[in-house]
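Start from the sequences, fold in the hints, and give me the full structure.
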Amino acid sequence: MVGYAELSKMNTFTLNDVCNLVGNKKTASSLLLRLSKKGYVKKIRNNLYSCVNLADGQVIASKYHIACAVNETAYISHHSAFEYMGMSNQVYYEMYVSSPKRFTDFEFEGISYKYIPSRFDLGVIYPKNTKGIRITS
Numbered sequence: 000m001v002g003y004a005e006l007s008k009m010n011t012f013t014l015n016d017v018c019n020l021v022g023n024k025k026t027a028s029s030l031l032l033r034l035s036k037k038g039y040v041k042k043i044r045n046n047l048y049s050c051v052n053l054a055d056g057q058v059i060a061s062k063y064h065i066a067c068a069v070n071e072t073a074y075i076s077h078h079s080a081f082e083y084m085g086m087s088n089q090v091y092y093e094m095y096v097s098s099p100k101r102f103t104d105f106e107f108e109g110i111s112y113k114y115i116p117s118r119f120d121l122g123v124i125y126p127k128n129t130k131g132i133r134i135t136s
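Residue numbers are given in numbering that gives the first Met the number 0: position 22 of the sequence shown equals residue 21, and the series is strictly consecutive.
The hints are simulated quantities; they were obtained by calculation from the structure and are not laboratory data. Be a bit skeptical, because a hint or two may be false.
[Stated by the list, open to error] Pairs of lysine-lysine residues, derived as DSS-like cross-links and limited to a Cα-Cα distance of at most 30 Å, are as follows:
| hint | residue 1 | residue 2 |
| --- | --- | --- |
| 1 | K8 | K113 |
| 2 | K25 | K130 |
| 3 | K25 | K100 |
| 4 | K37 | K25 |
| 5 | K41 | K127 |
| 6 | K8 | K41 |
Keep in mind that this is a model prediction, so the values were computed, not measured.
Printed below as a string of structure tokens:
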């Protein structure tokens with residue numbers, strides 16, 4: 000399981016992240032393919048992956064990590080931000096993700112990730128003690 004321990008420390012990762020880890024793009028691609036076939040890595044969408052928790056079979060990344068990993072400027076907005084902050088008492092199966100950079104809506108493990116155009120970047124915060132999560136205040 001060479002590579003799994005290092006990859007599992009990241010919530011989500013891309014082929015470039017794996018390439019930086021192993022040093023060669025072809026080796027990185029074959030490592031991802033091998034780990035995917037064994038069920039250790041799941042493909043979330045094109046060039047976005049997450050390791051699987053071997054104890055329960057679920058991906059390590061939360062829906063909030065996945066939403067913010069769609070691209071480098073993506074952040075959680077609208078009712079999804081309220082849900083993250085604990086201000087909503089209802090569980091939603093849609094994540095609203097804003098970004099200046101457009102992406103195609105997708106679904107992963109029963110959660111729909113919807114693109115909302117970003118009007119401005121004011122109020123985007125990085126919550127304490129979290130890595131890779133951006134939300135609107």
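(request) Compare the distance between the alpha carbons of K8 and K41 with 30 Å, and conclude whether the hinted pair is satisfied. (result) 15 Å, holds
(request) Compare the distance between the alpha carbons of K41 and K127 with 30 Å, and conclude whether the hinted pair is satisfied. (result) 28 Å, holds
(request) For the pair we were handed, K25 and K100, check the Cα-Cα distance against 30 Å. (result) 28 Å, holds
(message) Holds or violated: K37 and K25, Cα atoms, limit 30 Å.
(response) 19 Å, holds
(message) For a C-alpha distance cap of 30 Å, please report whether K8 and K113 respect it.
(response) 27 Å, holds
(request) Below or equal to 30 Å on CA atoms is what counts here, so check K25 against K130. (result) 28 Å, holds
Checked against the numbered hints given earlier, the structure satisfies every one of them.
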